[in-house]
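> Construct the complete structure from the given sequences, taking the supplied hints into account.
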Amino acid sequence: MGRKFFVGGNWKCNGTADQVDKIVKILNEGQVPSPDVVEVVVSPPYVFLPVVKSQLRSEFHVAAQNCWVKKGGAFTGEVSAEMLVNLGIPWVILGHSERRSLLGESSEFVGDKVAYALSQGLKVIACVGETLEQRESGSTMDVVSAQTKAIAERIKDWTNVVIAYEPVWAIGTGKVATPAQAQDVHAFLRDWLKTNVSPEVAESTRIIYGGSVTAANSKELAGQTDVDGFLVGGASLKPEFIDIISSATVKSA
Numbered sequence: 004m005g006r007k008f009f010v011g012g013n014w015k016c017n018g019t020a021d022q023v024d025k026i027v028k029i030l031n032e033g034q035v036p037s038p039d040v041v042e043v044v045v046s047p048p049y050v051f052l053p054v055v056k057s058q059l060r061s062e063f064h065v066a067a068q069n070c071w072v073k074k075g076g077a078f079t080g081e082v083s084a085e086m087l088v089n090l091g092i093p094w095v096i097l098g099h100s101e102r103r104s105l106l107g108e109s110s111e112f113v114g115d116k117v118a119y120a121l122s123q124g125l126k127v128i129a130c131v132g133e134t135l136e137q138r139e140s141g142s143t144m145d146v147v148s149a150q151t152k153a154i155a156e157r158i159k160d161w162t163n164v165v166i167a168y169e170p171v172w173a174i175g176t177g178k179v180a181t182p183a184q185a186q187d188v189h190a191f192l193r194d195w196l197k198t199n200v201s202p203e204v205a206e207s208t209r210i211i212y213g214g215s216v217t218a219a220n221s222k223e224l225a226g227q228t229d230v231d232g233f234l235v236g237g238a239s240l241k242p243e244f245i246d247i248i249s250s251a252t253v254k255s256a
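If you use the working numbering, the sequence shown corresponds to residues 4 to 256, in order.
No lab work stands behind these hints, which were simulated from the structure alone.
Some hints could be false.
[As the list claims (entries may be wrong)] Derived SDA-like pairs (lysine to any residue); straight-line CA-CA distance at most 20 angstroms:
id : residue 1 : residue 2
1  : Lys74     : Val88
2  : Lys241    : Gly177
3  : Lys7      : Pro36
4  : Lys241    : Val23
5  : Lys15     : Ala238
6  : Lys254    : Ala205
7  : Lys126    : Val88
The model shown is predicted, which means the values in this text are computed figures rather than measured ones.
In structure tokens:
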């Protein structure tokens with residue numbers, strides 16, 4: 004059985020109530036492939052999760068952009084996995100490079116968060132990726148393998164994990180990894196899973212690409228053997244997100 008294409012939309016720290024209504028309307032009215040072909044998950048800011056969940060078409064799902072590493076308590080400003088489960092939020096994004104770089108989240112901390120979120124019943128989009136300096140120094144594979152290893156050391160069941168490869172130098176910059184660059188890293192990650200976890204996990208785990216994905220480049224990227232979808236930033240706030248979702252048909256053509 005093939006891996007179902009996965010398209011996530013990370014809205015980041017964007018949106019007002021009116022803007023969210025407009026985005027949801029675009030999504031609800033968009034013509035996209037069936038849920039048998041593509042799984043779609045959008046990730047609005049925390050404050051909009053309930054309204055987006057209640058208004059969004061049923062075959063689309065929502066994700067939180069982060070959650071805390073343990074059960075709730077005296078952790079001002081944090082949101083626990085238990086709270087998300089209580090609200091019926093099925094997915095969470097963890098390890099995004101913006102949190103790693105701006106807030107100093109280590110790979111070990113991200114691994115702990117992934118393990119805890121999974122233990123509470125959430126599905127996880129786990130992000131890995133290198134900086135421009137790391138890319139230029141030739142250490143891309145070392146970086147993404149170390150980030151993935153920190154997760155693999157803490158979990159046993161990969162059923163509810165999607166790996167998002169997001170080269171930091173391509174996030175919000177307009178730069179994008181070439182299809183060949185994306186394929187190289189995705190193939191490396193799949194081989195790493197095969198060697199260090201299991202061939203079954205390597206074959207079934209979806210590895211998606213993020214970093215300035217647009218309607219203009221999504222089909223070519225989707226055509227790569229080991230690219231199983233996208234985690235989309237800015238374009239997920241625009242009508243072109245529908246076209247990016249529709250690029251899933253490249254896999255079934």
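> With reference to the structure, classify each hint as holding or not holding.
How the hints compare with the structure:
1. Lys74 with Val88: Between Lys74 and Val88 the Cα gap is close to 12 angstroms, so the pair holds against 20 angstroms.
2. Lys241 with Gly177: Within the cut-off at roughly 15 angstroms; holds.
3. Lys7 with Pro36: Distance ~12 angstroms between Lys7 and Pro36 Cα, so the pair holds.
4. Lys241 with Val23: Holds - the C-alpha atoms of Val23 and Lys241 are around 11 angstroms apart, at most 20 angstroms.
5. Lys15 with Ala238: holds (11 angstroms)
6. Lys254 with Ala205: Holds, at about 18 angstroms.
7. Lys126 with Val88: Distance ~10 angstroms between Lys126 and Val88 Cα, so the pair holds.
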